[in-house]
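Asker: Protein chains in written order, with our numbering: chain A, 8 to 303; chain B, 90 to 214.
It is worth saying that the hints were derived from the structure and are not from the lab.
Check each hint, because a few of them may be wrong.
List time: in silico DSBU-like cross-link candidates among lysine-lysine, alpha-carbon distance up to 35 Å [as the list claims (entries may be wrong)]:
#, chain 1, residue 1, chain 2, residue 2
1, B, K204, B, K132
2, A, K265, B, K137
3, A, K265, A, K204
4, B, K137, B, K204
5, B, K137, A, K204
Okay, here's what each chain looks like letter by letter:
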Amino acid sequence: MHNIKRTKRRACHLFSCLLLILTANITTPGIYAADQPAFEALPDWSGTWSRRGGTVFDSGTWTVNGVPTHPSQPGAGVSALGARAHPPYNAEWEAIYQEHLDLRDAGLFPDPLTRCISHGFPRIFNALAPVEFVVRPEQTWILAEHTRATMRIYTDGTEHPPPEARWHNFYGHSVGHWEGEPSAGNQTLVFSTVSLKSWRDGDSVLDRSGLVLSDQAQASTRIRRTEENGEELLLVEMTLEDPVSLTAPWVVEKRFYKDAPGTIIFDYECNEYNRAIVDEEGRSLILDEEGRVLEY
Amino acid sequence: MKKHFFILSVSVLIGIIGQSAMAHHSTVGQIEEFSVEIEGVVKEFQFKNPHSWIQVMVADGNGGETEWSVEWLIPNILMRQGYNPSTFQIGEVVRVKLRQHVSGSPMGEFDGALKADGAVVGRWE
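Just chain A, with the same shape it has in the complex (with noise of 0.2 Å):
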């Protein structure tokens, strides 16, 4: 009888605790799920997708060691895709991108990527290698090759955490939805991202000309499947806004093009066989098979 009744106050108290989780779980902003779609309602993105146009946003900017030129021009590695997107800085931010384009001619910008950090958002759109845009109800994670980089969007109802409790980091904290009619097959996702960390730390850029925004930078994204000369490609358009060093909203979009049928995404350990490091001066130094550094 003893055992019974201690065995029922167990399973009460397991009862109680299972309510709290639960309860917490609901009361918890960015936990709880709900309004996710249904898998056969989704957009067939599956393959992976290869960007155009260029590794910078701002591509009026490029150089080749040192000189500017033409994105087009051989061994910019960029093409006319993506024409110049030259963020509206206000003046403070315009001479913080304008040193960083001096330290870049001169080889001394320090690419958080040089020491094998994560791209971040929205860098992952500047990824080199391939992308994968999985799509699931409840998320979509896109999964980028270069950095082995993953950024998850929710699209089950979560939201964005209050002001408060958002920890500021590479790829933010990214919500969004679907709109379109399944039947077409050509949904959108839309989504917001918050949290990011931006230049605040000095590790976490837009892309290697040095462009920067603060922690307060903020996303709104569109993403859909479209069709351009015979070629099937992902749009993604952005709205990025940054009350600390942007004067108006900034609009720009990237091109994934899908790859041939069987492409294959590779590991990318970036810290397998580092040679490269970047010195206090923010040069990227070689090292020599003994570990030596290349002084130039």
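Since the structure of chain A is already known, use the hints to place chain B on it.
Answerer: For chain B alone, coordinates are given in the frame of chain A:
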């Protein structure tokens, strides 16, 4: 096999290859514009991220050898271009064109290689 050290020529290969050639780090001001050529024996082929490296032992003409470090692209990209960790074999003789580090150190960025059997790796013009 006796190894020979050659700086055979200053190549007229396209020299405008700067920031974009090495996605992972800047090479501004560090790499010569024009190619030089070396011939030697492959000591190691590091098919690893973030960049591949070919270590080549080159005779210095005085009875010794110099080890050259030749940096190549991201192995992931090379795999998609049809190369793999067996592209270079330890001990094989190769002629390599590279743009040398401005310090004069025996290292540089890979342009291409010509193997003993005539096979070309990368760009050989």
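Asker: A separate judgement is required for each hint: does it hold in the structure or not?
Answerer: Each hint tested on the structure:
Under the criterion of a C-alpha separation no larger than 35 Å, the hint pairing K204 of chain B with K132 of chain B is consistent with the structure, at around 15 Å. Of the pairs offered as hints, the one joining K265 of chain A and K137 of chain B holds, with about 26 Å between alpha carbons and a cut-off of 35 Å not exceeded. Among the hinted pairs, K265 of chain A with K204 of chain A is consistent with the structure: their alpha-carbon atoms are about 31 Å apart, no more than 35 Å. Proposed proximity of K137 of chain B and K204 of chain B is supported: the alpha carbons are some 22 Å apart, at most 35 Å.
Only pairs whose Cα atoms come within 35 Å are accepted, and K137 of chain B paired with K204 of chain A is accepted, the gap being roughly 30 Å.
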